[in-house]
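Engineer: In order, the protein sequences belong to chains A and B.
For the first sequence, position 200 matches number 253 in this note's numbering, and the numbering has no gaps at all.
For the second sequence, position 51 matches number 44 in this note's numbering, and the numbering has no gaps at all.
The hints are simulated quantities; they were obtained by calculation from the structure and are not laboratory data.
Since no wrong hints were added, every one of them can be taken at face value.
Selected chain B positions facing chain A (in silico; Cβ < 10 Å):
| # | residue |
| --- | --- |
| 1 | Ile27 |
| 2 | Asp61 |
| 3 | Thr62 |
| 4 | Glu63 |
| 5 | Tyr181 |
| 6 | Ala182 |
| 7 | Ser183 |
| 8 | Pro185 |
| 9 | Gly186 |
| 10 | Met188 |
| 11 | Ala190 |
| 12 | Lys191 |
Derived pair list, reagent style SDA-like, types lysine to any residue, alpha-carbon separation capped at 20 Å:
| # | chain 1 | residue 1 | chain 2 | residue 2 |
| --- | --- | --- | --- | --- |
| 13 | A | Lys190 | A | Trp208 |
| 14 | A | Lys96 | B | Pro179 |
| 15 | B | Lys189 | A | Thr59 |
| 16 | A | Lys171 | B | Ser183 |
| 17 | B | Lys192 | A | Ser60 |
| 18 | B | Lys60 | A | Gln62 |
| 19 | A | Lys97 | B | Met188 |
| 20 | A | Lys96 | B | Gly186 |
| 21 | B | Lys191 | A | Ser60 |
| 22 | B | Lys227 | A | Gln322 |
| 23 | B | Lys189 | A | Trp99 |
| 24 | A | Lys229 | A | Gly187 |
| 25 | A | Lys318 | B | Ile11 |
| 26 | B | Lys60 | A | Glu61 |
| 27 | A | Lys71 | A | Ser60 |
| 28 | A | Lys279 | A | Thr227 |
| 29 | B | Lys43 | B | Asn(-5) |
| 30 | B | Lys227 | A | Val325 |
| 31 | A | Lys229 | A | Thr178 |
Sample of chain A residues with no beta-carbon within 10 Å of chain B, all distances over it, derived:
| # | residue |
| --- | --- |
| 32 | Pro165 |
| 33 | Lys273 |
| 34 | Gln322 |
| 35 | Ala328 |
| 36 | Leu429 |
Where a beta carbon is used, it is the ideal one built from N, C-alpha and C, also for glycine.
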Amino acid sequence: MDFALTSEQREIRELALKFARNEMIPLAQEYDEKGTFPTEIFKKAWELGLINVCIPAEYGGPGFTGLDGVIIGESLAYGCMGMNTSFMANDLALLPIVIGGTDEQKKKFLTPFTQEFKIASFCLTEPGNGSDAGGIKTSIKDGGDHWIINGEKMWITNAGYADLFVVYGTIDVTLKHKGISAVIVDAKTAGIVLGKKEDKMGHRSSDTRGVRFNNVKVPKENMLGKPGEGWAIAMSTLDHSRPLVASSALGGAQRALDLSIQYAKERIQFGVPIAKHQAVQFMIAEMGMKIEASRLLVHKAAWMCDQGIKNTEVASYAKAFASDSCMQITTDAVQIYGGYGYSKEYPVEKLMRDAKLIQIYEGTSQIQRLVMSRELLK
Amino acid sequence: MNIFVCVKQVPDTETKIIPTSDGSFIETASIKWIMNPYDEYAVEQALLIKTTIPEANVTVVRVGSVKDTEALRTAMAMGADEASHVAAGDNLDSYSIAKALKGAIEKTGRKPDIILAGKQAIDDDCLQVPQILAEMFNLPSVSVIVGFEMNGTTVKVKREVEGGALEVYEIATPVVLACNKGLNTPRYASLPGIMKAKKKPLAQLSLADVGVTDADRRVKYSGFKLPPEKPAGKKFDATDAAKQKDVVAQVVGLLRTEAKVL
Ligand SMILES: Cc1cc2nc3c(=O)[nH]c(=O)nc-3n(C[C@H](O)[C@H](O)[C@H](O)COP(=O)(O)OP(=O)(O)OC[C@H]3O[C@@H](n4cnc5c(N)ncnc54)[C@H](O)[C@@H]3O)c2cc1C
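Here chain A stands alone, though its shape is the one from the complex (with noise of 0.2 Å):
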């Protein structure tokens, strides 16, 4: 047992957040209020190596562990959540690729990202099935030589940067989850409608949109699996995602403590620190303890993935702990801040703005509690 990171871990973590404090944390309030989306800091992260950390070493990736991956997708949350979500939402959609793809496919599809700079997303959403995923109507018919996708997707992140979508729909939607199947689409191609952005309420620098698809043609070949497998390769992949959503939450909740520290050392009130009274006291205590549960969840359900060992209740207790503990210790550091905290001069609101979309997105925290129950009552 050994709770350490090993040497390059630290030195990974180290740069990730070295770029966090540099490049991100001086523009994210910025970014946030006029909902620019980064791409400079995108492409300055991709350029040192911190985006598609999930793309094997054979091809042209850095061959990196799910575990390095949350340790660097921490370090990006903690320069800014929203604009991770547009970096990571790379790795959710390129993650299907890499667990359901064949050679031929990783070799077409993933080294050209590790060769430019490129942006992916992932279509699972409709405006009618959300947490009823299994239940999606976007339709992907035979026509001969190609496959036809009909259907709207919603809430989909970098949809208005993509080049290139993952998208899922069903062969026969009266088959449920059995007819579930992934194709990957080249964002060029005719008959892709983009939806107008959302004005969100945090994570505003990342792009969010629905996308509909009017008979879009794709080639035979871009099937993920055979018809019918998309399900299987869907809840295969948020076994890797899930914890490195958590671990969104968990850079977004150190952030929120560090700054929450600083302050309550320098605020003076009733002619002390506000650090010296026990109610402020006691508030820092509990995100430090939230903080480091989180941790210790994140890096296991990482881990036993990386071991090949089934981590589907621990990724959910993960991504559903961490990312009620960063609404809790977030919610926490605007009390800390007091009016403050409400002010958008100052950075805690954000963060407190950008936790929630944790608790919903990549499974709610409620879908979260049904894995878990679902796996212990099993």
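Given the structure of chain A, go ahead and fit chain B with the ligand onto it with the hints provided.
Structural biologist: Relative to the frame of chain A, chain B with the ligand by itself:
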């Protein structure tokens, strides 16, 4: 062409410095070590030279404790070719450090063309290792450089002097240069760089290997303690025009009797 870069590992700028209980040094156990920020400009300059002279070899050299080799690994992850580390305590004086650096450079068997260093280390702020090292090698040196150009075997460097003026030097190599902020923008170590750095050679040397003994020490530390805490500042309310005369008299009085500056 052989470029050597001297780097020091210093406590992170946010470290709270605490003297050890016996006052012999500072507590080092919980310190997070980083590469001295001024040394980053030196490493970057070496790598910039290497982009124009690809066959140039960049070796980073460090003297200091073995607990962590963060600074050397960072330099190699940025792109330096190899490293030498002389194991020593973190409280050597400038003379011993310079002598150890010289020994480590000589141990590589390569004659230096350019030796780069930061102008000062942000921990003890001595500002003298590059100059002592140049003296020991009997080489010219320029400190606080903010501009660098290479023309064959000469370098043209700019040095900042008081009042913002620049001195320009043209010197034939070999030369020792101490770098200042503004010289360049240090690159980040990339992730592939971090992975590659693991395979780059890192020579481990002892002080004995480089011929440094206790007798080389020129400065002995008699003790470490925190400076006395500053008493809180005094505030005088002079918003009421009628009271201003009084307040001025009070302030002048205190400057005479308490602060003793008048
Ligand atoms: C900013 C943003 C970015 C996103 N990015 C992407 C993306 O890139 N790709 C993508 O495919 N999707 C994306 N999503 C979609 C996201 O994953 C869904 O919003 C999420 O899964 C919830 O679905 P829903 O919004 O339809 O909510 P619903 O499923 O309608 O849920 C509403 C409420 O009901 C609860 N609920 C639903 N079913 C149950 C149940 N069985 N038991 C208990 N409670 C239940 C939920 O927990 C929630 O509280 C994004 C969403 C947002 C907001």
